[in-house]
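Number of protein chains: 4
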Amino acid sequence: MRQFTIAVVVGSLRKASFNQQLADGLIKLAPAHFSFTQLDIGDLPLYNQDNDATPAASVKRLKADINAAHGLLFVTPEYNRSIPGVLKNALDHASRPYGQNAWAGKPAGIIGVSPGAIGTANAQQHLRNVLAYLDAPTMAQPEAYIHLRDGLFDENGIGAASQPLLQNWMNHYVAWVEKLAK
Amino acid sequence: MRQFTIAVVVGSLRKASFNQQLADGLIKLAPAHFSFTQLDIGDLPLYNQDNDATPAASVKRLKADINAAHGLLFVTPEYNRSIPGVLKNALDHASRPYGQNAWAGKPAGIIGVSPGAIGTANAQQHLRNVLAYLDAPTMAQPEAYIHLRDGLFDENGIGAASQPLLQNWMNHYVAWVEKLAK
Amino acid sequence: MRQFTIAVVVGSLRKASFNQQLADGLIKLAPAHFSFTQLDIGDLPLYNQDNDATPAASVKRLKADINAAHGLLFVTPEYNRSIPGVLKNALDHASRPYGQNAWAGKPAGIIGVSPGAIGTANAQQHLRNVLAYLDAPTMAQPEAYIHLRDGLFDENGIGAASQPLLQNWMNHYVAWVEKLAK
Amino acid sequence: MRQFTIAVVVGSLRKASFNQQLADGLIKLAPAHFSFTQLDIGDLPLYNQDNDATPAASVKRLKADINAAHGLLFVTPEYNRSIPGVLKNALDHASRPYGQNAWAGKPAGIIGVSPGAIGTANAQQHLRNVLAYLDAPTMAQPEAYIHLRDGLFDENGIGAASQPLLQNWMNHYVAWVEKLAK
Numbered sequence: 004m005r006q007f008t009i010a011v012v013v014g015s016l017r018k019a020s021f022n023q024q025l026a027d028g029l030i031k032l033a034p035a036h037f038s039f040t041q042l043d044i045g046d047l048p049l050y051n052q053d054n055d056a057t058p059a060a061s062v063k064r065l066k067a068d069i070n071a072a073h074g075l076l077f078v079t080p081e082y083n084r085s086i087p088g089v090l091k092n093a094l095d096h097a098s099r100p101y102g103q104n105a106w107a108g109k110p111a112g113i114i115g116v117s118p119g120a121i122g123t124a125n126a127q128q129h130l131r132n133v134l135a136y137l138d139a140p141t142m143a144q145p146e147a148y149i150h151l152r153d154g155l156f157d158e159n160g161i162g163a164a165s166q167p168l169l170q171n172w173m174n175h176y177v178a179w180v181e182k183l184a185k
Numbered sequence: 004m005r006q007f008t009i010a011v012v013v014g015s016l017r018k019a020s021f022n023q024q025l026a027d028g029l030i031k032l033a034p035a036h037f038s039f040t041q042l043d044i045g046d047l048p049l050y051n052q053d054n055d056a057t058p059a060a061s062v063k064r065l066k067a068d069i070n071a072a073h074g075l076l077f078v079t080p081e082y083n084r085s086i087p088g089v090l091k092n093a094l095d096h097a098s099r100p101y102g103q104n105a106w107a108g109k110p111a112g113i114i115g116v117s118p119g120a121i122g123t124a125n126a127q128q129h130l131r132n133v134l135a136y137l138d139a140p141t142m143a144q145p146e147a148y149i150h151l152r153d154g155l156f157d158e159n160g161i162g163a164a165s166q167p168l169l170q171n172w173m174n175h176y177v178a179w180v181e182k183l184a185k
Numbered sequence: 004m005r006q007f008t009i010a011v012v013v014g015s016l017r018k019a020s021f022n023q024q025l026a027d028g029l030i031k032l033a034p035a036h037f038s039f040t041q042l043d044i045g046d047l048p049l050y051n052q053d054n055d056a057t058p059a060a061s062v063k064r065l066k067a068d069i070n071a072a073h074g075l076l077f078v079t080p081e082y083n084r085s086i087p088g089v090l091k092n093a094l095d096h097a098s099r100p101y102g103q104n105a106w107a108g109k110p111a112g113i114i115g116v117s118p119g120a121i122g123t124a125n126a127q128q129h130l131r132n133v134l135a136y137l138d139a140p141t142m143a144q145p146e147a148y149i150h151l152r153d154g155l156f157d158e159n160g161i162g163a164a165s166q167p168l169l170q171n172w173m174n175h176y177v178a179w180v181e182k183l184a185k
Numbered sequence: 004m005r006q007f008t009i010a011v012v013v014g015s016l017r018k019a020s021f022n023q024q025l026a027d028g029l030i031k032l033a034p035a036h037f038s039f040t041q042l043d044i045g046d047l048p049l050y051n052q053d054n055d056a057t058p059a060a061s062v063k064r065l066k067a068d069i070n071a072a073h074g075l076l077f078v079t080p081e082y083n084r085s086i087p088g089v090l091k092n093a094l095d096h097a098s099r100p101y102g103q104n105a106w107a108g109k110p111a112g113i114i115g116v117s118p119g120a121i122g123t124a125n126a127q128q129h130l131r132n133v134l135a136y137l138d139a140p141t142m143a144q145p146e147a148y149i150h151l152r153d154g155l156f157d158e159n160g161i162g163a164a165s166q167p168l169l170q171n172w173m174n175h176y177v178a179w180v181e182k183l184a185k
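Chains as they are written, first to last, in the working numbering: chain F, 4 to 185; chain L, 4 to 185; chain H, 4 to 185; chain V, 4 to 185.
Same shape as in the complex, but just chain F (with noise of 0.2 Å):
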């Protein structure tokens, strides 16, 4: 059976992020072929231009952790109705210098959880302009807005009440990249 590699990126770098608990709970759900790498991007520098020619050490790995991996996984909160610059800042660098981009032809997903009352809907309408830019397919439905719960995670990752939906989600994510994994 083909293996596939998914790069996983939250949108929060906060330790208690409940991003980072929903991404860590999601892979949970995901069959045995398929393997999740969380890209490391709270220690890239902010973008500039001007280093296309000389990138940083953790700019060279995030866009290698890219290139060895067959999809994407977005998990992330909304920032004042966008995605938080910090991932806007890891889209910026892996897409450059001009005709690098490391995102493109990787079939996406994108997740969110908010303690806010619109789930996270807009920054995941901004992301996906962003990932229509960067030609990497993203899943359309089912979308899934997630509001922070009691319940939502336990100590095994998605409590029991939200199992089926992140599983339905998960299950289609799967066949999107199949589909369209290089």
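The set of hints was computed from the structure by calculation and includes no laboratory data. Treat the hints with care, as some may be off.
Because identical chains cannot be distinguished in the list, a pair is counted as satisfied if it fits within a single copy or across any two copies.
Derived DSS-like pairs (lysine-lysine); straight-line CA-CA distance at most 27 Å [to be verified]:
{"hint": "1", "residue 1": "182", "residue 2": "18"}
{"hint": "2", "residue 1": "66", "residue 2": "18"}
{"hint": "3", "residue 1": "18", "residue 2": "63"}
{"hint": "4", "residue 1": "63", "residue 2": "185"}
{"hint": "5", "residue 1": "185", "residue 2": "18"}
{"hint": "6", "residue 1": "18", "residue 2": "31"}
{"hint": "7", "residue 1": "185", "residue 2": "31"}
{"hint": "8", "residue 1": "31", "residue 2": "182"}
Since the structure of chain F is provided, determine the placement of chains L, H and V on it from the hints.
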């Protein structure tokens, strides 16, 4: 006559940035009772909520500079069909911690220059969405999607052919700030 | 005391529309110097530029009603993660022909109710983008993404539990119109 | 060789529409195993959920035409920084009633032409958001923001100077449909 101080935010860190040149040229078109201070966003850390209680000196300086301003002027490129991560990171920093959003209530203008076909139009839409959430009332018209072209800049700033359009933009911006600044 | 007339636009034609109920309830929270006229958008033809010189009676009426108003109140559902076509069709009609945009300069507020998870958040972002282009200065905060819930409405309009949030929204809207109406 | 039928949606009703010309020219660049049928969206009523159980003949025809197609081709102007109301109205009609979304699963491409500075870039972003919700997997790259210019069209369709760009777009679109059509 009332004096107005404007905080300028340039979305690119590149030394020879076209948007930096646009910002520098635009400022020269402003009337004498407007003064401009550029925010330094290049030395900010990546935003991490865990540090909200112990902000870096660069973050404290950013918020103090915004607090001292009556209005905001965003001059930014488009990266990957959205605003640059470096700009979003600055927006995120000064919006936190919850309840201490430094951008709130500051009238804003948005402009950008690009060599590309769409002149930063997508970045400007995303930035408008963010500024609405941040409660910074943003000038609607005139929009300005500036295409980089020969003669856009000269040794004094904005070239003669582009001055009427940009002078008109600045005149509307000045009126917007005068009307809405606290 | 100066009197203000507000043109109300409801984005759904459904008779029992929740957004129609929200509009009707909101209006009752306004002060006595504000009066409201709902725009009739259900009998407009589909916009076709070929008819700009010979507008239908319903189009002439729409533009006259907007011209007679000091401000705009949009109360709309989200259809397919954007604004309803019926609402966009009305926005398009009254924006034309080129140079005769009836929406220009009218201060606006946006609100919506939905049984869905994200409370019209995506529709509101798109509507903000359109209103910026149409030069209708749109209130930033407070946002209002209303989730349909038991007791949201009662026989008098807005139910008691939701009144504080919506009264606060209306108070800010009134101040926004008073400040920006021509 | 498998034959593919594509439903074409033109976002303007104007007889001499540039986007209609673009659609007509593009179709000529397609290979022989692709055929195209333009959806008639100009005689649809304004969408009203109250009529879901008793759709007009034009609505039934629209959904039947979509159901008969393997893929979707959207060729649209930008109206007021979003998609035209007439196009959104058609998208809304064929997405309802709930659970009977005719667009679902049809691979899609988006293109537009404009005399304006930003080449329909904002309309295309909004349309991408809508199509993601409608579960129509939409080609990411190449994007095409076509600026109206002398020679874009000639008596045979697409003018010689613009053919390479548009032929490349069509080639990618064909591959996208072949890969994702059910």
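Hint check:
1. For a Cα distance limit of 27 Å, the shortest separation of residue 182 from residue 18 qualifies neither inside one copy, at 34 Å, nor across copies, at 41 Å.
2. When the C-alpha separation of residue 66 and residue 18 is checked against a cutoff of 27 Å, the pair qualifies both within a copy, at 24 Å, and between copies, at 24 Å.
3. For a Cα distance limit of 27 Å, the shortest separation of residue 18 from residue 63 qualifies both inside one copy, at 24 Å, and across copies, at 22 Å.
4. In this homomeric assembly, residue 63 and residue 185 come within 27 Å of each other (Cα to Cα) only inside a single copy, at 22 Å, whereas the closest approach across copies is 39 Å.
5. With identical chains, the CA atoms of residue 185 and residue 18 are never at most 27 Å apart, being 34 Å at best within one copy and 38 Å at best between copies.
6. Taking the shortest Cα distances, residue 18 and residue 31 sit within 27 Å of each other inside one copy (19 Å), while across copies they are farther apart (45 Å).
7. Taking CA atoms no more than 27 Å apart as the test, residue 185 paired with residue 31 passes inside one copy only; the shortest distance there is 24 Å, against 30 Å between copies.
8. Taking identical chains as interchangeable, the C-alpha atoms of residue 31 and residue 182 lie at most 27 Å apart only when both belong to the same chain, with a minimum of 21 Å there against 30 Å between chains.
This entry does not satisfy hints 1 and 5, going by the numbered hints stated previously.
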